[in-house]
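> Below are the chains, spelled out letter by letter.
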Amino acid sequence: MAFRDEWLRARAVAWKDLMAERRSKAGFNSVAALGVTILVLFGFALGPDAEAIRAAAPGALWLAALFAGVLAFNRSYQVELDGGALEPLLMYPGARRSIFAGKLLANFVFVFLLLVIVIAVSLVLFHITVPSTWPRLLLVVLLGEVGLVTLGTFYAAMASRSRAREVLLPLLLFPMLVPVLLAAMQATKALLVGDVMHDAGAWTNLLVAYDVIFLISTFLAFDYVIEA
Amino acid sequence: MLARRFGAQWVLRGVSLELRSGVAAGLVGANGSGKSTLLRLLCTLLRPTAGTASVFGADIASEPDRVRELVGFFSPVPGVYEDLTAMENIRFAATMLGRPAGSAASALERTGLASVANERVRGFSSGMLRRLSLARLLVHRPRLLLLDEPYNNFDAPGTALLNDVIRETLAFGGSALIVVHDVASAMPVVNEWFSLTGGKMSPSAAIPVGSPSPSIIPALGMSGVLH
Chain A
29 MAFRDEWLRA RAVAWKDLMA ERRSKAGFNS VAALGVTILV LFGFALGPDA EAIRAAAPGA
89 LWLAALFAGV LAFNRSYQVE LDGGALEPLL MYPGARRSIF AGKLLANFVF VFLLLVIVIA
149 VSLVLFHITV PSTWPRLLLV VLLGEVGLVT LGTFYAAMAS RSRAREVLLP LLLFPMLVPV
209 LLAAMQATKA LLVGDVMHDA GAWTNLLVAY DVIFLISTFL AFDYVIEA
Chain B
1049 MLARRFGAQW VLRGVSLELR SGVAAGLVGA NGSGKSTLLR LLCTLLRPTA GTASVFGADI
1109 ASEPDRVREL VGFFSPVPGV YEDLTAMENI RFAATMLGRP AGSAASALER TGLASVANER
1169 VRGFSSGMLR RLSLARLLVH RPRLLLLDEP YNNFDAPGTA LLNDVIRETL AFGGSALIVV
1229 HDVASAMPVV NEWFSLTGGK MSPSAAIPVG SPSPSIIPAL GMSGVLH
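Going down the list, the protein sequences come from chains A and B. Under my numbering, residues 29 to 256 are what the first sequence spells out, in order. Under my numbering, residues 1049 to 1275 are what the second sequence spells out, in order.
Note that these hints are calculated values from the structure, not bench results. Bear in mind the structure is a predicted one, so any value in this text is a computation, not a measurement. Fair warning: there could be bad hints in the mix.
Stated by the list, open to error - One side of the interface only, derived from the structure: several residues of chain B facing chain A at Cβ under 7 Å:
(1) L1093
(2) A1109
(3) E1111
(4) D1113
(5) F1121
(6) Y1129
(7) D1131
(8) M1144
(9) F1172
(10) N1200
(11) L1209
Where a beta carbon is used, it is the ideal one built from N, C-alpha and C, also for glycine.
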């Protein structure tokens, strides 16, 4: 019963965030535009060398997701701060982890839609053919997204209590994301070139380990970071 | 006894107050005297630096979940989502509070917002936003009302509605602690007055303007809600 209540609350928070985002529109459009701009700039910087482009594509993809994601994570708490809604949200009875779960869910959907656009643009811009191992590639993208969104949502909550939240979030988030992004990028790169060295599995396992550790620790610590 | 400091500055220096069931207490004091901080401590939005308090037996530090079920905080900031409609805002509150979705419609009806229930909150006046906050409180129906400047932006019918909600809470054995500058609006419901000066509660319960009519003072239970 308690789990069902928490799930209903988490779902309500996610629905509320996504509905507010869909209606305001400004958020997703600007975030998607930033992601595409980063990819286009990478394309120009790398020039016509197809080999160089293919080698750099995974890095460009995950960097675009990272920078655009930071904007999204900041916005997810800005919705609460704009109308002074954070206090009522924290005043609702029940475990506050359901608020975190709801925000996580909304950010996951938001960043997933962003990744769909970024990947589609990458395929065209970097002349990437979809490999036969695409289900594994999809798994890597989802695992990488879980790590990115978990840490992003958590540190955005921490930064939301500060007046310098826009500056604070990248400072806190980027160092923590290095292992996740490194593993996601290496696994993506390996799968795009056919995984000839069979190292995609090791990077994927590392990604799973990071995701599990970060998911558990952020759920446990959320109560403390959201306190005033 | 409660104390709270921000950095080196003590805002509350040891506040002691017992509020009985069925009592609405008015809290007055100058700006910066710690009135809002006291309410935020009691509704678990802040943690005390020293001391403790309990709400209907639930300790604010060790049982914050239970306290949040019992307490409704009515802040001067509406705390609503501007891109959602009035109905969506209150339905969201109902879900978070574990109340049936149907309670949202009746709360909006009661607060006079039924005709704009499906309109986005972005275009609402400040008075309508206050009514929307009040609708959220109606869905919650807490036992202890913590009201911070509750009469701001309310017209006369809005003030009367708020006082009705306070009376209903008292009639069901609840209590209210009301931070007010507009003492006249609160006079019909408040039956005990306190003042907070320099972070300390005045020992003598000062009654700033007259006495409330005895007819509105409900039968008082003796269960302490705040120590």
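> If a hint holds in the structure, say so; if it doesn't, say that too.
Evaluation of the provided hints:
no. : hint  : verdict
1   : L1093 : 6 Å, holds
2   : A1109 : 12 Å, violated
3   : E1111 : 11 Å, violated
4   : D1113 : 6 Å, holds
5   : F1121 : 6 Å, holds
6   : Y1129 : 6 Å, holds
7   : D1131 : 4 Å, holds
8   : M1144 : 4 Å, holds
9   : F1172 : 11 Å, violated
10  : N1200 : 13 Å, violated
11  : L1209 : 19 Å, violated
The structure shown violates the earlier hints numbered 2, 3, 9, 10 and 11.
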